[in-house]
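Residue numbers (the UniProt record's numbering), protein chains in the order written: chain A, 1 to 346; chain B, 1 to 1241.
In case anyone wonders, no lab produced these hints; they're calculated from the structure. Please read all numbers here as calculations on a predicted model, not as lab measurements. Among the hints, erroneous ones may be present.
Only some residues are given here: those of chain A computed to face chain B with a beta carbon under 10 Å [to be verified]:
(1) Thr26
(2) Gln121
(3) Phe132
(4) Asn182
(5) Phe225
(6) Thr227
(7) Ser286
(8) Pro290
(9) Asn312
(10) Phe314
The calculated SDA-like cross-link candidates involving lysine to any residue, where the alpha carbons are at most 25 Å apart (straight line), are [as the list claims (entries may be wrong)]:
(11) A/Lys125 with B/Ile83
(12) A/Lys143 with B/Pro88
(13) A/Lys193 with B/Ile83
(14) A/Lys228 with B/Gly319
(15) A/Lys193 with A/Gln311
(16) B/Lys52 with B/Leu261
(17) B/Lys1110 with A/Leu30
(18) A/Lys158 with A/Trp197
(19) B/Lys655 with B/Asp863
(20) A/Lys107 with A/Glu313
(21) B/Lys140 with B/Ser174
(22) A/Lys125 with B/Phe994
(23) A/Lys125 with B/Val309
(24) A/Lys222 with B/His320
(25) A/Lys125 with B/His320
(26) A/Lys107 with B/Asp1157
(27) A/Lys299 with B/Phe994
(28) A/Lys222 with B/Thr1140
(29) A/Lys158 with A/Arg266
(30) A/Lys262 with B/Gly814
(31) A/Lys262 with B/Tyr1161
(32) B/Lys882 with B/Phe994
(33) B/Lys1110 with B/Gly357
(34) A/Lys193 with A/Phe132
(35) B/Lys125 with B/Ile62
(36) B/Lys1110 with A/Trp251
(37) B/Lys194 with B/Leu261
Glycine included, every Cβ here is placed at the ideal spot set by N, Cα and C.
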Amino acid sequence: MNMRFYRTTMKEEGNSANRPSNTAFTQQRLPAWQPMLSAGVVIPGFLLIGLAFIGIGVGLLITSRSIQVLELDYTGTETSSPCYQCTMSNQSNCVCKLSFSIGTLFKGPVFFYYGLTNYFQNQRKYGVSKDFNQLIGDVSYFKSPSSDCQPYQRVNGKPIVPCGAIANSMFNDTFKLYQIINGKEELVPFDGKGIAWWTDYNIKYRNPDYTPLKNAFNDTEKPVFWTKPAYELDTSDASNNGFINQDFLVWMRRAALPNFRKLYRRITEGNYKDGLPAGNYSLEISYNYPVISFEGTKKVTFSNVSWMGGQNEFLGIAYLVIGSMCVVMSVVMLIVYAKFRFPEED
Amino acid sequence: MTWRSPLALLRDAVLSQKAREKELRSLVSNLPFEGLGKSKQPNRFFKPNAIKTNKYTPLFFIPMNLYEQFHRLANVYFVGLAILNFIPVVNAFQPEVALIPICVIMFLTALKDGWEDFRRYQSDKKLNNMPCLIYSRAAKHYIERRWKDVRVGDFVKVVCNETVPADLLLLHTSDPNNVCHIETSNLDGETNLKQRNALPGLCTSLNVKRFLTFSRNREKPDKEKTGAGIESLLLRGCTVRNTEHAIGFVVYAGHETKSMLNNNGPRYKRSKLERRLNVDVFFCVLLLFIMCLIGSLGHYLWLKNLSDVPSFLVSDSKGHLDSPSLSSFYMFFTMIILLQILIPISLYVSVELVKIGQIFFILTDVDLYDEETDSRVQCRSLNITEDLGQIEYIFSDKTGTLTENKMVFRRCSIMGKDYPHKENANHLALLEETESEENVIFSQSSLSSQASRFDEDSSPVDTHRHGSRHRSKMAVNRQSSMAFSSPLETQVIPDEKLLQQISRSERSSSGISDPYMDFFLALAICNSVVVSMATTQRQRSLSVLAKRTGSFWKVFDSPKQNGSSTSAHKRSDDANGVQPRALDPMTLSARPAAASGDVCYEAESPDEAALVYAAKTYGFTLLARTPNSVTVRVPSGEELVFEVLDTLAFDSNRKRMSVLVRHPITGEYVLYTKGADYAIMELLGTPYAGDGQQKKIAADTQYHLDCYAKDGLRTLCITKKIVSSREYQSWLADRKKALAAIDGREELMMASAVQLETELTMLGATGIEDRLQESVPDTITALREAGIKVWVLTGDKPETALNIGYACRLLEEGDLVINMTSVVFQVTCVSILDCTLEEVRRYHEDPRNVDTTQKISLMIDGDTLAIALSPDLQDRFLELAKRCRSVLCCRVTPLQKSRVVKLVRDKLKVMTLAVGDGANDVNMIQVADVGIGISGQEGMQAVMASDFAITRFKHLKKLLLVHGHWCHTRLANMIIYFFYKNAAYVNLLFWYQFYCGFSGTAMIDYWLMIFFNLFFTSTPPIMFGIMDKDVSAEMLMGVPELYRTGQGSGEYNFRTFWISMLDAFYQSLVCFFVPYLAYQGSDVDIFTFGTPLNTSSLFIILLHLGIEIKSWTVVHWIIMLGSVALYFIVTLAYSAICVTCNPPSNPYWILQNQMADPMFYLICIISTVVFVIKNQKKVSNVIMLPLQIFCWGFFNSFFFCIFLNFYSTLFAFLIFVFFMLKKHLHTRVSSYQKNTGDQKL
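Let the hints inform the model, and build the full structure from the sequences given.
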């Protein structure tokens, strides 16, 4: 039945019903561009790329060189270090002072970073250890934090807010910078606003809608390592507390590599708006954060930034090298080409 | 349905199993039990006719499909990994998310399976609901039911042109001779009619009720046993033709029918490339294992180095930390999960998609389309397209493959006298010419004869021309798909001398027993040609007649060109009896064919048809054939009806067939035998004892046969034997025994045939030409240039084979042909092999012959081959054959063909291709790596067994050289690229482990990683695999040597795989360390760091493909640019929407932030360019080419190597320098810090 039907339709359609359609696509004859790399394209191409790269490289290198960086290690492993005594055990509220001087004006705005080495914020289990629902201010998760937070989920039966290892291990050294003018210490004002990502501060992290904020934290416990609960992180500024505390936000954004620095403050105010003038300075550090145990170091960094971020010469050098390689290659190719060119390749 | 006890059900189940398993089945008619419950039915144990080929039911689709899919090792692996992810101590990602890729892949596969199954279900349903007629005792006549209602034991009536619903034992037909003609094109594709006989003695009336008890023991009502063989079985799926109705008893139904049992579904072949692919997947597993081991070891060392528990080390809930060794053990599994995509999960799916695309392009190629038969190339196996690009040996059949298999009667020798049929030869040559200049002739003829022929038609000249041309084309189109009766075959111009001879012997009174008459009677009778009558309701009768018009046309036109042969043509016109006016096929078809004397022959082999037509030319027209009689009109106009006593059918062992008839005039029992000369000569009546005349005839005929064979003609001997009545009676008794036998029937039948075929009298021989197909020499030359060795395996005589060999340029003048024919003893064979081998070796070792191509060909016949293929000689034989450019095997059996192919394939480890058109090539086609069937004249058995089916041999050239090459390079490059892509991407994660304490952290959001593989970088390689063209089709056809790149291990081999893996490692190094160095010591966070990595790896991976792509079409551009656009759109959207989703990554606003930062672009550009520059070996090739030409030799290669490594070395140096610089800076800073303390900067 089926077959018969097929036969008749075949007949009606004529004798080339099966003929494939003769289109450029089905016959694989679509117009095609074949990238033929001839000397006429390659040599100028290389030259152009090379020159452009050299240009970018020079620009990058100059920019990078123009950035001033001052790095001060204050781990205190060496006995000569002013913070050496703070590394001794059971020293709480240890304060040490680091003195340094600046020869020329450190152009502003100056960014003040703290840095850690050998600190693996990118540990997988460490990275998981937080509860996003707490951090967007969902009070119901205050009572029962996510199991991801273990072992920093509960203490003494009470839920920890904010829970988890990241929050728990928050960096808690504090710094005060004094300029020594005529033997007197003048406090350099730090600007702690806007150091975290805008999206973190405004969208990703929210405080619960309680006034005072403290009430939201009833029946919860502060993280084990913390000395103050989350709602008292910044005693000077009430709005800089809870989960939208700038330092907290900066810490919560985990560093990609084990040697990292994080923005602590900016120096943008008062006499220091244009930068740190030459002179002697003293940095008062309240030394709390332990790093000796894992052979880590702590440091502070003063730096000004450019459009390309902080100082890094790698990119500039890389661009320069690649660029000059291209130029050299194009020259070599030109010589080879000129000497051994095919007669028919005119 | 009445309630039945479970016990009864169980018993029934066991019984039905038993009943089905029994070799012998006893069947009882259902009629007495009509209307009774199911438990009373005698045949309830047999399967009903309803078929079900779909695998799944809606309810159990999911579990069954899952079960199917888990048979694939890859799926098990990925699901295993996903499950591993649910174990808390080892998980690397959120467990639910890790399930996504495998779920997507399995969902797609399930969707595909489900769709295919639904299609099967629909076709089953359609089939099951087809109408059929079943006898009902209650209604006392046949009532219309559905196919699914047919049960074993029913009586079914099939009317003309209907399909048989189940395997039926034929009981009665409308034909007076109780035969039924069937067409089996649905089963084996053979379009000629086959005859089936009703069970003799069982049914002479329509009273079916007489056979209430009927068993497979075939007892007649009088209890005498009757044998019934395949000739009275109508198989399911056949179509009844030429018979008004047929009634049969259902013996097998549904899934137990022959056609369903043979239906094994599509064959699965695994291509060479895929086998290689699996090896490399294994290597990837190994690599993964090593990387994970490094990871876990690194984790162990890292943990060991921590003297205390730092705050970033997270313990378990009880505050307990695992020991370093235990946690590194866990880490091993975490690493496997993290780096799992090193084993490309989507590779298998992509390869399948690519193959579908490649097949699409093969199918749509106009060059592989055949106008004449209106058929395209067929791809029957869907997964070995790339094997077409790696063929090293082709084994070809001759008849129908290299030749047309349109047989033309050329010459004959009767009673030792040769009749060369010169006019016929001229005529054929002329026709050939006519065909090629068709256009010109038609325009001429329609102009000149317009008035006479188209006077009633008033349309303009152009239309005539077009119309007539079209019609003739149509005629040509039809002819090859229909019976073997092309105009060429039917038009035999008789030899004048032979005509005179016949008319002389006719006039003589002894005409009846004249050897000349006997010769043509033998031609007309001794065959299995069926005569189609005009009453047949086959639709094709119309087209056959239309074709006749076409043939007539040509004949009619040719005199205009060549007046000298007009008389001959006129005669043939008259013989045809078609009037010039009757041009319209419709008028023709309306006329009864019998009246016009224009009978149609349907032959199983074209040779037979050619002989019958030849006989017809000389006035011996076969008019009708029934199982018991043959009607022949002799030249005198008399119609003789020969009673056929028995037909000893052709088989490949005897190589002959015989018909035993009773002469209507003399009443003698005459046995006419025709067959291959070597099968006949030894059966001739002892020539030494007989008179000298007989001996001389035999010798002369043998001489003529040899001459014919040298001309490339196919030869047949025609003999006769007069059997005495006594001899016949004694033979008949044996024959009956053989017929009734159930065990060993075949052997007995053959023995009885051999018993009769002795002491034959030679009548003569025929020479039939089988013309070479168009462009065969070209194709063979091109294939040879492509480095493919062509072997021809044929059943023909050595002389014929040799002739064809030269004709198709397989052998060339000046070739050294090693002849190994008619070697009988093994010792001889050994010595010949050893001698020639020695000679050939010496030839090769001769320094003068180093550069000359070997021009040695081997010719071997079946008997010698049998010796050469013996286990202790086959190595030497292969050694010799390997050194020969071409090998010709003649007189080989189908089994030998397959043995040769198998031997070459297994021993030489090469890719073999077998091409053939007939049932005798099926073995060979199945054995070869790639089997190609030619859908030609000899039915479809070869096509059914093949992987690809083409219509002409010349199509092989484009199929292999262009499509084969493309498919191979495309797929090979695609697979290499796929491995590269995954390795490059995974290694990014691996390098990061060195900076995160080997803790299994991913710096790229997991969703983006999934998307990266599933969406952003999945379509470009598929498109690449389907559409890339490394060399244009014209180039590939013009320069066949290009094909050699695919031979052997091809473009995808051990070396290319590892090079691409090294490439991947290198590129991932660049891609990771450029951002690493750029961001070192900064305040970058994990996922911000990952974004440029992800982006630049996307660019690098796509650019790598861009360099691989040889020609860019619109599709390429769209897909490549689309992938980049998709990446940015999806990632931007994802990081805009996802505020708290997917912890811990939290991609919120990261890409947006990054895209506002110029560093991001600078990093992406530099990583990409460093990669591109390294890949400039292609660029440098362009420049270096002139240099290579001039400094060929040591300098060149030395310089070139340096050049290639230049960039890589330079980059390594650069990194080194940078590190040194960095260290220097570092020491400077720290020394500064030390020195100054509180001094000036």
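Each hint tested on the structure:
Here the hint on threonine 26 of chain A is kept, as its CB sits about 4 Å from the closest CB of chain B, short of 10 Å. Interface restraint check: glutamine 121 of chain A against chain B, minimum CB-CB distance 6 Å, threshold 10 Å, status holds. Look at phenylalanine 132 of chain A: its Cβ gets to within about 4 Å of chain B, closer than 10 Å, so that hint holds up. For asparagine 182 of chain A, the interface hint is violated, since its Cβ never comes within 10 Å of a Cβ in chain B; the closest pair sits about 16 Å apart.
For phenylalanine 225 of chain A, the interface hint holds, since its Cβ comes within 10 Å of a Cβ in chain B; the closest pair sits about 7 Å apart. Taken as an interface hint, threonine 227 of chain A does not check out: its beta carbon lies about 14 Å from the nearest beta carbon of chain B, beyond 10 Å. The interface hint given for serine 286 of chain A is broken, as the beta carbon of that residue sits about 18 Å from the closest beta carbon of chain B, more than 10 Å. Annotation: proline 290 of chain A was flagged as interfacial toward chain B, and the flag holds, the nearest CB pair being 8 Å apart, inside 10 Å.
Taking 10 Å as the C-beta cut-off, the interface hint given for asparagine 312 of chain A holds, the closest approach to chain B being about 6 Å. Using the Cβ-Cβ criterion of 10 Å, the hint placing phenylalanine 314 of chain A at the interface with chain B is satisfied: the shortest such distance is roughly 4 Å. About 19 Å separates the Cα atoms of lysine 125 of chain A and isoleucine 83 of chain B, which keeps this hinted pair within 25 Å; it holds. At roughly 23 Å between alpha-carbon atoms, lysine 143 of chain A and proline 88 of chain B fall within 25 Å of each other, so this suggested pair holds.
With a C-alpha separation of about 46 Å, the suggested pairing of lysine 193 of chain A with isoleucine 83 of chain B is violated against the 25 Å cut-off. Of the supplied pair hints, the one linking lysine 228 of chain A and glycine 319 of chain B holds, its CA atoms being roughly 22 Å apart against a limit of 25 Å. Of the pairs offered as hints, the one joining lysine 193 of chain A and glutamine 311 of chain A holds, with about 23 Å between alpha carbons and a cut-off of 25 Å not exceeded. Taking the CA atoms of lysine 52 of chain B and leucine 261 of chain B, the gap is near 13 Å; set against the 25 Å cutoff, the hint holds.
About 13 Å separates the Cα atoms of lysine 1110 of chain B and leucine 30 of chain A, which keeps this hinted pair within 25 Å; it holds. Between the alpha carbons of lysine 158 of chain A and tryptophan 197 of chain A the distance comes to roughly 31 Å, so the proposed pair goes past 25 Å and is violated. Annotation: proposed proximity of lysine 655 of chain B to aspartate 863 of chain B holds, straight-line Cα distance about 15 Å (limit 25 Å). At roughly 19 Å between alpha-carbon atoms, lysine 107 of chain A and glutamate 313 of chain A fall within 25 Å of each other, so this suggested pair holds.
Of the pairs offered as hints, the one joining lysine 140 of chain B and serine 174 of chain B holds, with about 19 Å between alpha carbons and a cut-off of 25 Å not exceeded. Note on lysine 125 of chain A and phenylalanine 994 of chain B: the hinted pairing holds, with a Cα-Cα distance of about 16 Å set against a maximum of 25 Å. Straight-line distance between C-alpha atoms of lysine 125 of chain A and valine 309 of chain B comes to about 14 Å, which keeps the hinted pair within the 25 Å bound. Straight-line distance between C-alpha atoms of lysine 222 of chain A and histidine 320 of chain B comes to about 21 Å, which keeps the hinted pair within the 25 Å bound.
About 14 Å separates the Cα atoms of lysine 125 of chain A and histidine 320 of chain B, which keeps this hinted pair within 25 Å; it holds. Between the alpha carbons of lysine 107 of chain A and aspartate 1157 of chain B the distance comes to roughly 22 Å, so the proposed pair stays at or under 25 Å and holds. Distance restraint check for lysine 299 of chain A and phenylalanine 994 of chain B: the Cα-Cα separation of roughly 23 Å lies within the 25 Å cut-off, and the hinted pair is therefore satisfied. Distance restraint check for lysine 222 of chain A and threonine 1140 of chain B: the Cα-Cα separation of roughly 23 Å lies within the 25 Å cut-off, and the hinted pair is therefore satisfied.
For the hint pairing lysine 158 of chain A with arginine 266 of chain A, the CA-to-CA distance comes to about 37 Å; that exceeds 25 Å, so the pair is violated. Restraint check: the Cα-Cα separation between lysine 262 of chain A and glycine 814 of chain B comes to about 86 Å, which exceeds 25 Å; the hinted pair is violated. The hinted pair formed by lysine 262 of chain A and tyrosine 1161 of chain B meets the criterion: a straight-line CA distance of about 23 Å does not exceed 25 Å. With a CA separation close to 55 Å, the supplied pair lysine 882 of chain B and phenylalanine 994 of chain B exceeds the 25 Å bound.
Under the criterion of a C-alpha separation no larger than 25 Å, the hint pairing lysine 1110 of chain B with glycine 357 of chain B is consistent with the structure, at around 18 Å. For the given pair, lysine 193 of chain A sits about 23 Å from phenylalanine 132 of chain A by alpha-carbon distance, which is consistent with the 25 Å threshold. A distance of roughly 22 Å separates the Cα atoms of lysine 125 of chain B and isoleucine 62 of chain B; the hinted pair therefore holds under the 25 Å criterion. Among the hinted pairs, lysine 1110 of chain B with tryptophan 251 of chain A is inconsistent with the structure: their alpha-carbon atoms are about 50 Å apart, more than 25 Å.
Restraint check for lysine 194 of chain B and leucine 261 of chain B: satisfied, since their Cα atoms lie roughly 21 Å apart, inside the 25 Å limit.
Going through the hint list in order, the structure does not satisfy hints 4, 6, 7, 13, 18, 29, 30, 32, 36.
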